[in-house]
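**Q** Protein chains in written order, with my numbering: chain A, 1 to 511; chain B, 1 to 421.
It is possible that some hints are incorrect.
Stated by the list, open to error - Straight line, CA to CA, 30 Å or less: simulated DSBU-like cross-link-like pairs of lysine-lysine:
| id | chain 1 | residue 1 | chain 2 | residue 2 |
| --- | --- | --- | --- | --- |
| 1 | B | K339 | A | K212 |
| 2 | A | K373 | B | K360 |
| 3 | B | K107 | A | K209 |
| 4 | B | K273 | A | K506 |
| 5 | B | K374 | A | K365 |
| 6 | B | K407 | A | K365 |
| 7 | A | K203 | A | K104 |
| 8 | B | K273 | A | K206 |
| 9 | A | K206 | B | K380 |
| 10 | A | K340 | B | K192 |
| 11 | B | K360 | A | K206 |
| 12 | A | K212 | B | K273 |
| 13 | A | K206 | B | K118 |
| 14 | B | K118 | A | K373 |
| 15 | B | K107 | A | K506 |
| 16 | B | K399 | A | K99 |
| 17 | A | K409 | B | K360 |
| 18 | A | K212 | B | K394 |
| 19 | B | K374 | A | K409 |
| 20 | B | K192 | A | K206 |
| 21 | B | K360 | B | K374 |
| 22 | B | K118 | A | K506 |
| 23 | A | K506 | B | K407 |
| 24 | B | K339 | A | K365 |
| 25 | B | K140 | A | K185 |
| 26 | B | K360 | B | K339 |
| 27 | A | K209 | B | K339 |
| 28 | B | K417 | A | K506 |
| 29 | A | K489 | A | K506 |
| 30 | A | K212 | B | K120 |
| 31 | B | K107 | A | K212 |
| 32 | B | K339 | A | K506 |
| 33 | A | K209 | B | K417 |
| 34 | A | K206 | B | K120 |
| 35 | A | K365 | B | K380 |
| 36 | A | K122 | A | K22 |
| 37 | B | K118 | A | K135 |
| 38 | B | K120 | A | K209 |
| 39 | B | K374 | A | K373 |
If you are wondering where the hints come from, they were derived from the structure by calculation, not from laboratory data.
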Amino acid sequence: MATEVCGQIIAGLVGKILIREKSGQRIELGDLLVAEDKEGYLMLQVFDLIYGSQITQLAREMISGMNLEGMGAGLEFLEPQLRNYIIAEAQGVLRVTEKPHVPKVLPEFFSTVRHVEAKDLKFLTVPPNPVYLGKVRSGTKVIDVDVYLDGEEALRHHMLVPSTTGRGKSNLVKVMLWSILGQNKFGILVLDPHDEYYGRNSKGLKDHKDAKVNLLYYSVNPPSGANTLVISVRSIEPDHLNGIIRLTDAQEDGVRSYFQMFGRDWIENIARGTDVQGVARSTRVVLQRIFRTRFGIRVDDQGNLVCANRVFSESAGESTISDIVHSLEGGKTVVLDTSKLGDEGELLVGSIIANEILERYQGYKADGTLEEKPTVSVVIEEAPRVLGQDKLEKIGDNVYSTIAREGRKFKVGLIAITQITSAIPRDILTNLNTKIILGNEMSTERHSIIDSAAQDLSDNDRNIASLDKGEAIVTSIFTKFAVPIQIPKFEDYVASQATQVTMKEKVRFTG
Amino acid sequence: MILMQRFAHVSDIHLGANSDPAISRLELQAFNQAMDECLKENVDFILICGDLFHVSIPDLRVVDDAVRKLRQVADRGIPVYAIYGSHDFTPGGKSIVDIIESAGLIKRIVSGEIEADKLKLNFFVDPKTGAKIAGISGRKGGLDREYYEMLDRESLENEVGFRIFAFHASLDEFKPQYLSGMESIPISLLPKGFDYYAGGHIHGRIEGTLPSYNHVIFPGALFGSQTRDHEASGKGEKRGFHIVSFDQLVREVKFVPVRVCDFIFRDLSVDGKNVRQAQEWLEENLESLDVGNKVVMLRVRGELSGGKTSDIDFGRLIRDLAERGAISVYVNKHGLTSKEFAAIRAAGEDAQTIENRLLKENLGTVKVSESTLKGEDGLKLAVSLLNALRPPVKAGESKQNYAERMKEQGIEALGLKEVFS
Chain A
1 MATEVCGQII
11 AGLVGKILIR
21 EKSGQRIELG
31 DLLVAEDKEG
41 YLMLQVFDLI
51 YGSQITQLAR
61 EMISGMNLEG
71 MGAGLEFLEP
81 QLRNYIIAEA
91 QGVLRVTEKP
101 HVPKVLPEFF
111 STVRHVEAKD
121 LKFLTVPPNP
131 VYLGKVRSGT
141 KVIDVDVYLD
151 GEEALRHHML
161 VPSTTGRGKS
171 NLVKVMLWSI
181 LGQNKFGILV
191 LDPHDEYYGR
201 NSKGLKDHKD
211 AKVNLLYYSV
221 NPPSGANTLV
231 ISVRSIEPDH
241 LNGIIRLTDA
251 QEDGVRSYFQ
261 MFGRDWIENI
271 ARGTDVQGVA
281 RSTRVVLQRI
291 FRTRFGIRVD
301 DQGNLVCANR
311 VFSESAGEST
321 ISDIVHSLEG
331 GKTVVLDTSK
341 LGDEGELLVG
351 SIIANEILER
361 YQGYKADGTL
371 EEKPTVSVVI
381 EEAPRVLGQD
391 KLEKIGDNVY
401 STIAREGRKF
411 KVGLIAITQI
421 TSAIPRDILT
431 NLNTKIILGN
441 EMSTERHSII
451 DSAAQDLSDN
461 DRNIASLDKG
471 EAIVTSIFTK
481 FAVPIQIPKF
491 EDYVASQATQ
501 VTMKEKVRFT
511 G
Chain B
1 MILMQRFAHV
11 SDIHLGANSD
21 PAISRLELQA
31 FNQAMDECLK
41 ENVDFILICG
51 DLFHVSIPDL
61 RVVDDAVRKL
71 RQVADRGIPV
81 YAIYGSHDFT
91 PGGKSIVDII
101 ESAGLIKRIV
111 SGEIEADKLK
121 LNFFVDPKTG
131 AKIAGISGRK
141 GGLDREYYEM
151 LDRESLENEV
161 GFRIFAFHAS
171 LDEFKPQYLS
181 GMESIPISLL
191 PKGFDYYAGG
201 HIHGRIEGTL
211 PSYNHVIFPG
221 ALFGSQTRDH
231 EASGKGEKRG
241 FHIVSFDQLV
251 REVKFVPVRV
261 CDFIFRDLSV
271 DGKNVRQAQE
281 WLEENLESLD
291 VGNKVVMLRV
301 RGELSGGKTS
311 DIDFGRLIRD
321 LAERGAISVY
331 VNKHGLTSKE
341 FAAIRAAGED
351 AQTIENRLLK
361 ENLGTVKVSE
371 STLKGEDGLK
381 LAVSLLNALR
391 PPVKAGESKQ
401 NYAERMKEQG
411 IEALGLKEVF
421 S
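With the hints as extra help, turn the sequences into a complete structure.
**A** Structural data, given as structure tokens:
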């Protein structure tokens with residue numbers, strides 16, 4: 001990285017400082033520049049580029065015409081580097097004196113600027129519970145400075161990963177989860193509708209050196225050593241359906257009556273068509289149909305309670321929920337492969353676990369032991385399925401929206417991944433205190449992200465639009481400024497983390 | 001026409017578990033009844049999936065009684081096959097199961113070798129029925145998990161014929177809710193496609209099926225070895241074993257109940273009462289109970305508003321129930337506390353859960369820098385050390401030899417073998 005001067009401040013105001021680019025230098029959109037003074041330096045970020053010229057517009061048009069029409073042979077500008085140039089529009093993002101703080105002064109008029117270097121970013125230290133995000137990026141240039149968030153804070157206060165498809169959302173989350181897998185400090189529940197986190201057929205979290213101890217993988221067709229995603233139908237309680245499926249008042253009353261009458265066997269009795277006083281036959285029939293069509297739960301010809309997607313079972317999975325919650329409380333990562341489940345099945349499974357963990361953590365808070373527990377975070381893809389405005393309005397609140405609104409008090413957070421940020425209500429977006437913004441070509445989506453960012457990104461619309469795959473901006477109440485980052489490709493990151501394989505002690509078999 | 005064949009699947013007999021002579025007699029009676037049923041049904045073989053005895057070297061009177069019955073079974077030409085359970089396995093030493101095998105009364109069917117980090121199990125073929133049995137014995141503290149992880153499943157899955165997989169381990173997918181914290185393995189570590197999975201270790205009856213795993217059966221404890229088992233019996237859990245009819249496939253799995261006495265269970269909350277009120281309330285509640293010829297299981301819980309928990313005269317309650325004809329009376333007071341005398345509560349009900357909880361709670365009070373001594377790692381180490389130092393003196397073992405054995409096991413558990421070698 002060059003250390004030479006790349007431009008000079010020539011005009012502007014606090015939110016828009018104009019910098020003339022030095023000839024031969026190249027200032028890019030998103031570049032981080034440094035203007036030094038006696039007390040320290042101001043870090044600026046470029047949000048737009050425009051042409052500047054000493055020659056009038058009419059003259060430039062004429063010169064261009066002569067060139068294009070073949071009448072300009074030998075026609076040159078006198079000292080062209082002085083007459084035509086590029087002006088960068090930049091915003092002061094951080095002033096660093098003894099420590100970094102939000103800039104409240106303009107840099108000195110006519111002070112020169114240079115590209116940021118690793119030494120300028122020494123304040124980006126490794127926090128106590130690091131979640132790795134990538135390296136600092138200046139424009140397209142990667143600076144050799146790692147960017148971490150403190151997991152204890154960031155996970156508890158929720159994260160949002162917004163971008164359109166193919167920009168590396170899952171890659172980012174995989175990198176983050178890999179970096180915390182060995183720490184044993186965070187319980188992470190991943191609802192994985194694309195079965196891409198564990199790495200069944202490619203590199204994934206399973207390849208982490210601590211995966212054997214700290215990673216659990218549940219799938220309806222697990223590879224050897226992994227767990228079967230099977231949950232006793234008796235684990236489902238009426239509250240778990242809140243916000244997942246829409247029930248009429250009569251159906252909701254019916255559900256409560258069955259639960260009151262049969263306890264944990266309430267669904268079985270609905271599926272079997274047991275009559276309950278106070279529940280109309282038509283309501284029971286509709287409930288039967290709801291459980292059959294939405295969750296695949298029905299009674300077969302032999303009278304057995306069966307579940308089409310194999311997740312809910314009459315005879316197995318009694319302790320699955322407790323085991324998962326126990327693992328999360330033990331600071332482990334639990335990946336649920338929900339790729340074989342329908343939307344509602346997936347959300348119901350997540351709802352059962354999230355409810356259980358939230359209730360337990362509320363209990364820990366009540367008895368004063370919460371601080372001993374690791375923060376638990378739920379990774380939810382396509383978040384508007386549960387956090388979408390229309391969903392919440394039509395079906396009502398669910399455990400995910402409850403977590404988004406008040407989970408941080410109980411050390412339960414969300415990592416919400418979405419393509420459609422605008423579908424999430426503003427009060428929830430505001431609660432997602434860290435946003436890792438990847439590329440997004442949709443203007444409405446960019447605006448809803450910018451409007452709810454922790455830092456002022458109002459001039460960064462173009463910056464966000466131009467983010468390439470793997471490039472992101474981290475805006476968080478826990479970062480001093482909106483940090484542009486380059487996220488490593490997961491496979492490369494894993495390769496860089498490779499550790500020496502220790503020799504296993506020879507095992508003796510005793511039959 | 002293909003002739004139907006049958007075998008009996010029994011597990012967790014735990015002979016010698018109960019120190020109360022009356023219960024101990026019932027425990028043996030349950031074993032005898034199960035064997036008599038097998039003789040009556042004339043099964044082709046009996047498969048015991050671990051924990052025939054409660055300890056590896058049990059009281060010789062218990063062994064004598066068991067051997068007599070096994071002799072009867074052997075004399076009728078019914079082979080008894082077995083695997084070790086976590087209780088009757090002893091690392092390095094001889095277990096009573098080995099001695100009974102040497103006497104020709106049972107046959108251990110687990111064999112295999114480790115080649116290139118893969119555990120290749122051999123099938124044992126029952127000469128009469130041709131049933132092929134492979135399996136892995138249980139070991140304390142989940143040490144058998146490593147075997148499952150190394151298992152060459154493919155070779156087992158490729159074998160043709162009627163195949164039984166015998167194991168003594170808790171499975172994640174079939175673990176009862178109350179055993180959630182218990183060490184267990186996922187079923188995916190077992191070979192797929194066997195005709196029958198004969199399980200042991202879980203004390204409740206489980207009959208389950210999952211894709212690629214048909215007939216996963218745990219008969220549960222034959223009589224019960226711990227308070228929770230007897231409480232479950234008092235709540236209506238049936239004890240017994242399974243008889244499986246098969247030709248090339250399993251045709252029927254029948255549960256055969258074994259009932260040697262009636263159990264009665266009462267869950268009594270004295271929450272908010274002082275000692276005097278609690279005593280009166282308990283007596284009043286138990287007054288009308290028909291306890292004649294029954295094992296009575298009482299769970300007394302709640303927080304006393306005044307006085308010590310030990311001030312309740314449970315002895316008087318027990319004597320009264322015994323005088324009214326109860327075979328035996330157990331009082332579970334783990335959930336009983338007092339406002340005045342707060343103590344570390346052990347909410348778990350079986351010894352292992354209580355130990356784990358107490359160790360975990362106490363680990364939090366010790367300040368150490370070494371990470372292996374903290375958290376889950378610390379707990380594992382503590383449990384493994386406790387297990388290593390738990391075995392009692394063997395019959396005829398000198399104090400010096402016992403001390404030496406304990407030292408060696410302790411060093412091994414702490415992973416300090418190299419330091420001391």
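**Q** Indicate, hint by hint, whether the structure satisfies it.
**A** Results for each hint:
A hinted pair counts as satisfied when its Cα atoms are at most 30 Å apart, and K339/B with K212/A does not qualify at roughly 43 Å. Annotation: proposed proximity of K373/A to K360/B holds, straight-line Cα distance about 13 Å (limit 30 Å). Of the supplied pair hints, the one linking K107/B and K209/A is violated, its CA atoms being roughly 41 Å apart against a limit of 30 Å. Taking the CA atoms of K273/B and K506/A, the gap is about 58 Å. The hint is violated against a cut of 30 Å.
Proposed proximity of K374/B and K365/A is supported: the alpha carbons are some 23 Å apart, at most 30 Å. The straight-line distance between the Cα atoms of K407/B and K365/A is roughly 43 Å, outside the 30 Å bound, and the hint therefore fails. Proximity of K203/A to K104/A is assessed by CA-CA distance (about 46 Å); at most 30 Å being required, the pair is judged violated. Between K273/B and K206/A the CA atoms are separated by roughly 53 Å; this puts the pair beyond 30 Å, and the hint is violated.
Taking the CA atoms of K206/A and K380/B, the gap is near 23 Å; set against the 30 Å cutoff, the hint holds. About 20 Å separates the Cα atoms of K340/A and K192/B, which keeps this hinted pair within 30 Å; it holds. Between K360/B and K206/A the CA atoms are separated by roughly 28 Å; this keeps the pair inside 30 Å, and the hint holds. About 49 Å separates the Cα atoms of K212/A and K273/B, which puts this hinted pair outside 30 Å; it is violated.
Between K206/A and K118/B the CA atoms are separated by roughly 20 Å; this keeps the pair inside 30 Å, and the hint holds. Distance restraint check for K118/B and K373/A: the Cα-Cα separation of roughly 38 Å exceeds the 30 Å cut-off, and the hinted pair is therefore not satisfied. Of the pairs offered as hints, the one joining K107/B and K506/A holds, with about 28 Å between alpha carbons and a cut-off of 30 Å not exceeded. Between K399/B and K99/A, the direct Cα distance comes to roughly 68 Å. Violation of the 30 Å bound is thereby established for this hinted pair.
About 25 Å separates the Cα atoms of K409/A and K360/B, which keeps this hinted pair within 30 Å; it holds. Under the criterion of a C-alpha separation no larger than 30 Å, the hint pairing K212/A with K394/B is inconsistent with the structure, at around 37 Å. About 27 Å separates the Cα atoms of K374/B and K409/A, which keeps this hinted pair within 30 Å; it holds. At roughly 22 Å between alpha-carbon atoms, K192/B and K206/A fall within 30 Å of each other, so this suggested pair holds.
Our distance criterion of 30 Å between C-alpha atoms is met by K360/B and K374/B, whose separation comes to about 9 Å. For the proposed pair K118/B and K506/A, the alpha carbon gap of about 11 Å is at most 30 Å, so the pair holds. The straight-line distance between the Cα atoms of K506/A and K407/B is roughly 22 Å, inside the 30 Å bound, and the hint therefore holds. Only pairs whose Cα atoms come within 30 Å are accepted, and K339/B paired with K365/A is accepted, the gap being roughly 21 Å.
A hinted pair counts as satisfied when its Cα atoms are at most 30 Å apart, and K140/B with K185/A qualifies at roughly 28 Å. With a C-alpha separation of about 23 Å, the suggested pairing of K360/B with K339/B holds against the 30 Å cut-off. In summary, the hint linking K209/A to K339/B is not supported, as the alpha carbons are separated by about 47 Å, beyond the 30 Å threshold. As the CA atoms of K417/B and K506/A are separated by approximately 14 Å, the hinted pair is consistent with the 30 Å bound.
At roughly 36 Å between alpha-carbon atoms, K489/A and K506/A are farther apart than 30 Å, so this suggested pair is violated. Simply put, K212/A and K120/B have alpha-carbon atoms about 22 Å apart, close enough for the 30 Å limit, and the pair holds. For the proposed pair K107/B and K212/A, the alpha carbon gap of about 35 Å is over 30 Å, so the pair is violated. A distance of roughly 53 Å separates the Cα atoms of K339/B and K506/A; the hinted pair therefore is violated under the 30 Å criterion.
The suggested pairing of K209/A with K417/B holds, with an alpha-carbon distance near 25 Å, which does not exceed 30 Å. Between K206/A and K120/B the alpha-carbon distance is near 25 Å, which keeps this suggested pair within the 30 Å criterion. Restraint check: the Cα-Cα separation between K365/A and K380/B comes to about 27 Å, which is no more than 30 Å; the hinted pair holds. For the proposed pair K122/A and K22/A, the alpha carbon gap of about 27 Å is at most 30 Å, so the pair holds.
Annotation: proposed proximity of K118/B to K135/A is violated, straight-line Cα distance about 42 Å (limit 30 Å). Distance check on the hinted pair: K120/B and K209/A sit about 26 Å apart at the alpha-carbon level, within 30 Å; holds. The suggested pairing of K374/B with K373/A holds, with an alpha-carbon distance near 14 Å, which does not exceed 30 Å.
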